[in-house]
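Engineer: As you go down the protein sequences, you meet chains A, B and C in turn. Anchor point for the first sequence: position 9 equals 9 in the numbering used here, and the numbering is continuous, going up by one each time. Anchor point for the second sequence: position 233 equals 389 in the numbering used here, and the numbering is continuous, going up by one each time. Anchor point for the third sequence: position 56 equals 543 in the numbering used here, and the numbering is continuous, going up by one each time.
Since the hints were derived computationally from the structure, they do not count as laboratory data. Computed from a predicted model, the values in this text were never measured in an experiment. In this text, a Cβ means the ideal position worked out from N, Cα and C, and glycines have one as well. Among the hints, erroneous ones may be present.
Stated by the list, open to error - So the derived list for chain C, only partly shown, Cβ under 10 Å to chain A, looks like this:
(1) Asn545
(2) Ile549
(3) Ile713
(4) Phe731
(5) Phe787
(6) Arg789
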Amino acid sequence: MTSELVEKLKSGLKGNITVISDDGVNDVVVLSDKKLIKSAAELIKGTHDILFMLTIVDRNPNFELNYLFSNYRNKNIIILRVNITQDDYKIDTVSKVFPSADWEEREAYDLFGIEFKGHPDLRRILLPEDWPGHPLRKDFEVTDDVRNWTGLDLKF
Amino acid sequence: MFSYVYGVLSRFFSAPADLIVTLIVMLLVPLTLVAIIPVIIGWVDRKYGARIQSRWGPTYVGPFGILQNVADVIKLIGKRVITTNVDRLSYSFVPIALTAASFLIVVLIPWGAPGLYILDIPYNLLFIYVLMAVSPLLILLAGWSENNKYSIIGGFRGATQIATYELTLIITILSVAMLSGSYNISDIVASQKHLWYVVYLPITFLMFVVAGYAVIERDPFDIPEATQELLAGWKIEYSGLRYGMFLLSDYIKMFALSMLTVYLFFGGWNGPLLPAFAWFWIKTIIAMMILLTPRWVYPRLRIDQLVKFGWNWMLPLSILNLLVVGAVLLV
Amino acid sequence: MENRKGVILNIGPVHPATHGVLRLIADLEGDTIENIKVDIGFLHRGKEKLAEMRYFSNYYPIVDKLDYVSALQMEILFGSVVEKAAGITLPPRAVYIRMIMAEIQRIMSHLVFIGSFGMDVGNYTGFIWAFREREELMTIVESVSGGRLAPMYICNGGTFYDLPENFNQALTPVLDDIEKKINKDYRALFNDNNIFVMRTKGVGVINKSTVIENGITGPNMRAAGIKRDLRRDEPYLAYESMDFEIPTEESGDSYSRFIIRIKEIIESIKIIRQALKNIPTGPYKTSVPWLLKIPEKQTFVRQEVSKGEMAMYMVTNGGLTPYRLKIRSPTFFSLKMLEKILKGSKIADIVAVVASLDPVMGEVDR
C-alpha cells in the first residue's frame, strides 16, 4: 500500500526520491538531492503539521538528516532522509514552512555545525556562543581549547 | 534644652514625677515592646501557617520553638553586610526610618485599657495612620539606593501600591472619625460603648482591612517584594540587621493593624463581665489570627489588577461611604 | 537601543521562578514587557553524546535525569526504544507494571506542576500541599524500586524487581486520598480562589493555530482544545484495554492548562485502579543479555509522558552502544512560544505563564 503522500512526493519531485518503507503510517523517503528539501517540505505541509524532530546522524564525513514530520490528526509520520556531503555542510531551512523547525535547526547547527540557509536566527542554542567545536560530531575531541574554556570571555 | 523637653513632656504627663524615670519608661518600654512583639507574632504566624500547610513549623529553639525568632535575629545581627555600589546614606537611612516609625506606633497606640498609654496625644489615630503610610517615599528611596534593577522595580511598585491605598485608608479612617467626632482612639472606643462601629459601617470595615493590608504590604499584597518575580523587590540587597529591621517593622505594623481594627470597629476594650484589658486582648488575638490567614491561602495579585481595583472601586466606594456617613450625621 | 526609556531585566538562570535554569531576557517599559528572549542550555549535559558511549543497559541512570520529575517515564521510553530495536517482547505483567508506574509518575509530575504553579503565583500552601501528596506516592515508588527521584527501576526486557507483596494495599488508600483532596481541598485552594483565577484566566493564551505552528504537545496542547493523546491515538503498553477520558479545555490560557492537569490526575488514578484489577501474574521480565547487540537499524518510538509527546530516535550500527540517540523533548518546543505570548504582559505574568507550561530544564537542555 503506497500512501498518497508518497505518491504526491514522487510526482512533485519528479521521481528524485527513493522510498524505503511506505505502509502509510511510517513512511521513510530518501531525497536524492539536498536542494529538494524545501519543495519536499512544502509538499508535506498539507498533510503534516509539524516537524516532530530532526535527527542528524554523523556518517563520517557525511551527515544524514532525518526530518520527521507528524500531525495532530492521526498517527501518521513521514521521515525525509537527506544526505549532505563533506564539501558543504549547508542545507536550506524548512523553518519558513514549518515554524516548529526553528529551534530544532538551531540545535542541529549548535551540536553538528550544519548551516541552515535562510534561517531567521541561526545562533547556538544549548552551548555557549564561544564553545570550541560541535560536540555531537563523531570526530569531536576534547582539545585544550575545550579544557581551558571558562566562559569568561562571553559578553552577556 | 532639657528644660524645654521637660516642659513638653510635662504637658503630656498628668503627674510628671521624675524626668529621668519618665524618659526611661518612655524609651525602655517601647523598646522592649518593639523587640518582643515581632518575636511573638512571628512565632504565631509561623506556627499557624505551618499547621495550615500540614507542617509543624519551628520546634527546636525553646519550648514549642517559641524562641526561633530570637535565634533568627541573633543570626541576622551576626551577619556580615555585603553590598556593592549602594548609596550608603539612603541605604542605611531607610531601615532606621522604618523602624523608627514602627517604634512611634508602639509609643502612640493605647495598650488595651483606658489610659494605658506610653504617650497620649489628642490626634493619635491620625499619627498612627501617618506612621503606617510613611513608607512609599522610603521604599522608593530604598529601591533606588540599592542600585539594582529588581529593587527599583520593587520600589516603584511599592510606591504605586501604597500611594493608591493610602487614600482609601485615610478616608475610611475619616468615616470613623466623623462618626465618633474625634481622632483620639480612646474617644472612638468610648463612643462604641453601646454598639460596635462594624454594625454601622460594615463596608468601611472591609475597605479598611483591605487597604490596611495593601499599605502594610502583607501577602497577598506583597507585590513590591514578590519573591517569585522580583526575588525580594526593594529589599533585595538588604541583609543582616538592616533586613531584620524590616521584618521587625512589618510585624509591628501587622500588629498595629489588628489593634486598630479592634479599636475602630469592634468596640476596643468595651465588653461585659470581663475586665477591659481581657476583652481587648481576646478581640485583638482573634482579629490577628483572622488577619494572618490570607497570607497562607491567597496567591499574590498582579500590580495592575491591584491598582485598578484601588482606583476604580476602593476609592470611589470609600468617598461615597464618607458622603453617606456625613449625610446621615447631618440628618 | 541607546534611546530606550525602559530597562532590560535579566530573569534567571538562577531565579526562584524559572524552574531550574531557564533564562529570560525581558525588555521592560515600566512593569510591561516590550520584548522577551528565551535563553536555554544551562543544564546541557550532553546526554545524546553520553548515549553513544554507554551500553544499552547502562543508559538508564542517565535518562532518569532527563525529566527528573517523571524519571520512570523516561526509563520506560528508553526501554521501549531498545526493546523495539532488539525485538524483545515484554511479558504481560511487565507491561502492566510499567503502565502503573508510568501513571504514578504522571500523577507525581502533575502534582509538582500544581505545587510550583501555586508557588509561582504566590501561594505557598499549594506548594506544600502538592508535595505532601507527592510524598505519599514517593514512598510507594521507593518501596517498589528503592529510589525516590531517580528510581532506576526499568531494565531491558521488563523491570528490575517485581512489585512488592502489599503493593495493592499500600497504593489504593493513597489514590483514594489524592482523589479526595483533589476534589475538595485543591478545589477550594485553586479553582474557587478568586485571586488565583484572576491571576491565571486569560493570561498567556496559546490558541489552536499557535499550538499547531509550534509543535506543542501534551497538556498544553489539550488545553487549547486539540483532543490528542498518544495513549489513545497510538496505544503503547496496555493503554488500549484501559478505559479513560482525554480531558480538553477550550480557552488555552494558564488556567485551563492548570485544570487539564487536575483532570489528568483523576484520569491517571482511574487507569491505575483498572490496571491493579487486571494485572496478570507471571514473570516480570524476560531474560535479556546485559551486553546487547542491536543490528543496523533506525528505531523511532514516541510516548505520551507527563509533559507531552516525548520521542527517541535511535540509530544503531550493530554495536554494543547506540550509534546515535536523538531525544525529542516536548517542552523544548513549547518554550520557544514564550517570546510570542509574553509580549505586552506584566512581569508577574512571566512567572505564571512559565510555570503553566511546566518546563523541566533537564529535559529541555538534555
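Engineer: Taking the hints in turn, state whether each one holds.
Structural biologist: Consistency of the hints with the structure:
no., hint, result
1, Asn545, "violated, 19 Å"
2, Ile549, "violated, 15 Å"
3, Ile713, "holds, 6 Å"
4, Phe731, "violated, 18 Å"
5, Phe787, "holds, 7 Å"
6, Arg789, "holds, 8 Å"
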